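**Student:** Chains A and B, in that order, give the protein sequences.
Heads up, the working numbering is the position in the first sequence plus 202, with the first residue counted as 1.
Heads up, the working numbering is the position in the second sequence plus 993, with the first residue counted as 1.
It cannot be assumed that every hint is accurate.
With a straight-line cut-off of 20 Å between C-alpha atoms, the simulated SDA-like cross-links for lysine to any residue are [stated by the list, open to error]:
{"hint": "1", "chain 1": "B", "residue 1": "K1311", "chain 2": "A", "residue 2": "T321"}
{"hint": "2", "chain 1": "A", "residue 1": "K293", "chain 2": "B", "residue 2": "T1307"}
{"hint": "3", "chain 1": "A", "residue 1": "K293", "chain 2": "B", "residue 2": "V1313"}
{"hint": "4", "chain 1": "B", "residue 1": "K1405", "chain 2": "B", "residue 2": "M1345"}
{"hint": "5", "chain 1": "A", "residue 1": "K293", "chain 2": "B", "residue 2": "M1345"}
{"hint": "6", "chain 1": "A", "residue 1": "K406", "chain 2": "B", "residue 2": "M1191"}
{"hint": "7", "chain 1": "A", "residue 1": "K293", "chain 2": "B", "residue 2": "M1191"}
{"hint": "8", "chain 1": "A", "residue 1": "K293", "chain 2": "B", "residue 2": "K1405"}
{"hint": "9", "chain 1": "B", "residue 1": "K1311", "chain 2": "A", "residue 2": "G247"}
{"hint": "10", "chain 1": "B", "residue 1": "K1311", "chain 2": "A", "residue 2": "K432"}
{"hint": "11", "chain 1": "A", "residue 1": "K206", "chain 2": "B", "residue 2": "K1405"}
{"hint": "12", "chain 1": "A", "residue 1": "K352", "chain 2": "B", "residue 2": "D1309"}
{"hint": "13", "chain 1": "A", "residue 1": "K293", "chain 2": "B", "residue 2": "P1319"}
{"hint": "14", "chain 1": "B", "residue 1": "K1311", "chain 2": "A", "residue 2": "K406"}
{"hint": "15", "chain 1": "A", "residue 1": "K432", "chain 2": "B", "residue 2": "D1309"}
{"hint": "16", "chain 1": "A", "residue 1": "K458", "chain 2": "B", "residue 2": "K1395"}
Think of the hints as simulated: they come from the structure by calculation, not from any bench.
Everything numeric in this text was worked out from a predicted model, so none of it was measured.
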Amino acid sequence: MKLKSRHLLGLDGVTKEEITLILDTAASFREVLDRPIKKVPPLQGKTVVNLFFESSTRTRISFELAERRLSADVVNFASAGSSTSKGETLKDTARNIEAMKIDMVVIRHSAPGSAQFLTRVLDSNIINAGDGWHEHPTQGLLDMYTLREKFGTLEGLRVCILGDITHSRVARSNIFGLTTMGAHVSICGPSTLIPRDLEHLGVKVYHRLDDVIQEVDAFNVLRIQLERQKSGLFPSLREYHRFFGLTKEKIARAGKPITIMHPGPINRDVELSADLADSEHSVILQQVTNGVAVRMAVLYLLGTTN
Amino acid sequence: MKLLLKGGRLIDPITKRDEVVDIQITDGRIDRIAPSISAPQGYRSIDLKGKVVAPGLIDMHVHLREPGYEHKETIETGCASAAEGGFTAVCCMPNTNPAIDDESVARYVREKGKSVCNGLVDVYPIGAATKGRKGEELAPMAELAEAGAVGFSDDGAPIAHAGIMRRALEYSSMYGVPVIQHAEEPELTQAGCMNEGMTATRLGMPGIPPIAEELMVARDIIMLRYIPRAKYHVAHISTQGALDAVRAAKAEGLNITCEVAPHHFALTEEVVSSFDTNTKMNPPLRTREDAAALKAGLKDGTIDVIATDHAPHTIDEKEVEYTQAPFGIVGLETCVGICLTELVGKGVLTLMQLIEKLSTRPRAILSLPPIIIKEGELANLTIIDPDIEWTVDKELLKSKSKNTPFHGMQLKGKAIGIFNHGSSNLT
């Protein structure tokens, strides 16, 4: 089996079979990561460019490691100090880099649709590493991988995405992926940070943690960005933490263990209490490890089929 | 020019005439209209069987970009585009550089219009409502009107401040010139770039809520009730709520009119999923329910006018990230085809009603002289083939810019020629 598209732009519209293929492929690469020599040859001779127009630590390093472990040649681009700061357009930047004969582009950009935009102006395989608030498909996949590893299946699993949904590409990719895989997805957050008509994506929306805490197997806790408070979307971090922050005490009310995920970076004791982030229920570091395997799977599946 | 137009169906909303006739035209003037005329010596006969002869169409909402943005469009290329699309007149919005907020700019635009395309297309400037379109001080409306401005608008931006809007309505009412509002409450639109709702939520795109338009229309209606002598026209109405407000205001007898752009009833927000920046305009494409409501508003007469909001931008300007792209699409050359396909073809409007909304009504709103189709009058006519099937090809557009979301769309019906001021492009 193959993926239908030669790009990975998002999980919206990706089928259950395709997601399963990626997760199964990731499982075989996950095993490679535990070997003393963590390198396999499938992308030997392929050149991958990481085009990062937004700052990123974890995602960029994770992609770079994944690429190198598949034996690809890797070039990194970060927007600071590049021609973008001199006013060059995304199209020109991308075309110039492609003119140097490359095979795949991993793009992180603040504008929704920018990965799709590249598919129209380039011939390379395009992988979306986060486009504005739209999608972050490899994050969605690594979250699903981690949940599947923990629970054995995604079918019927009850997952709550907690926090700022409006501005979250992680939330969207998780919603698309998890609903496709048959999980029950709930959303919890302040009404000013939940976009209109979200229910149409097949999720249940809550505004009180206590209402949802009894009904979930796992939380995916999103980072709350400080500038959202400044733009008037919620009154204060203190209030946010009190009503939407996840703590050991609140989790205890469920009377059963609940798995905690977070895409990072964590604002400790804002959206997630420090003790919970470091507790035995947290799979946050497994997410990071699995991220490399999942990205290897995506690079492999896209890079070896055309 | 000695022509005999044979067997066309003359549709004239002013006289309510709808009949097949021959029309003899000498040097641009109508000599004779009769059921059957045999061509006199030296007259070229053009067979218009199955074609429609209408009073010249007017697009009361276009952006010609000159002066200041001639890389997007010039008065000449804009008029060529209008002529190709079947329009004998256009009203150009004042968001040029400098803005049309001064009589010299208004005169320049008018005169330039007369000097291009053999004068086939009349160019009527819309004056800015405020100086520099900044929304702070009234533009010299009386001087602008004297120089030929037929309406006042800050289009592209709303007249947002209530105090300024009040004075604009009061002052313009002295001259019977309408204030044309780009209805948008800026506090609610911010960095939005598509309709707020289901599709924007799915795409992670900052939204422009329908209430931004509805709030501004509602506010202006309250003002109009207080200043009933003013004439107020809502540009490019796009939401069901705004339309309902206009309907109620009309029922109340207020001096309010509105226009719709073809893309707002022919397309919906779902097409933004392609992230094609030719689906980005302001107001944005709305929901299916809104598009259906707009068609109903055309049918019941709440919507007076169809106008394109022709907004040329170059490929380089549009080929960027969606959030960075400028708002707007070209519309002059696809308007008639879309209206015939979506409105007449689907039974929303009769041909007579469509021609009213593309000619008679906008001219009346702007106090332009009506087009009289009778012997002795200069021919100001648009010839339409309602049955021709064609596919929109952006490369064939006469406009300098090619930013259309209708590329590749199959349409039935188009304008095939116009007559104005003694010239014609009918072949």
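**Student:** Please go over all the hints and tell whether each is borne out by the structure.
**Tutor:** To see whether the hints hold, each was checked on the structure:
1. Between B/K1311 and A/T321 the CA atoms are separated by roughly 16 Å; this keeps the pair inside 20 Å, and the hint holds.
2. Annotation: proposed proximity of A/K293 to B/T1307 holds, straight-line Cα distance about 15 Å (limit 20 Å).
3. A threshold of 20 Å between alpha carbons decides the hint, and for A/K293 with B/V1313 the separation of about 7 Å falls inside it, so the pair holds.
4. Between B/K1405 and B/M1345 the CA atoms are separated by roughly 17 Å; this keeps the pair inside 20 Å, and the hint holds.
5. Distance check on the hinted pair: A/K293 and B/M1345 sit about 47 Å apart at the alpha-carbon level, beyond 20 Å; violated.
6. The straight-line distance between the Cα atoms of A/K406 and B/M1191 is roughly 15 Å, inside the 20 Å bound, and the hint therefore holds.
7. Between A/K293 and B/M1191 the alpha-carbon distance is near 29 Å, which puts this suggested pair outside the 20 Å criterion.
8. Restraint check: the Cα-Cα separation between A/K293 and B/K1405 comes to about 36 Å, which exceeds 20 Å; the hinted pair is violated.
9. The hinted pair formed by B/K1311 and A/G247 fails the criterion: a straight-line CA distance of about 35 Å is larger than 20 Å.
10. Of the pairs offered as hints, the one joining B/K1311 and A/K432 is violated, with about 32 Å between alpha carbons and a cut-off of 20 Å exceeded.
11. Taking the CA atoms of A/K206 and B/K1405, the gap is about 36 Å. The hint is violated against a cut of 20 Å.
12. Between the alpha carbons of A/K352 and B/D1309 the distance comes to roughly 49 Å, so the proposed pair goes past 20 Å and is violated.
13. Of the pairs offered as hints, the one joining A/K293 and B/P1319 holds, with about 16 Å between alpha carbons and a cut-off of 20 Å not exceeded.
14. Distance hint between B/K1311 and A/K406 is unfulfilled; the C-alpha atoms sit about 37 Å from each other, more than 20 Å.
15. Restraint check: the Cα-Cα separation between A/K432 and B/D1309 comes to about 35 Å, which exceeds 20 Å; the hinted pair is violated.
16. Restraint check for A/K458 and B/K1395: not satisfied, since their Cα atoms lie roughly 61 Å apart, outside the 20 Å limit.
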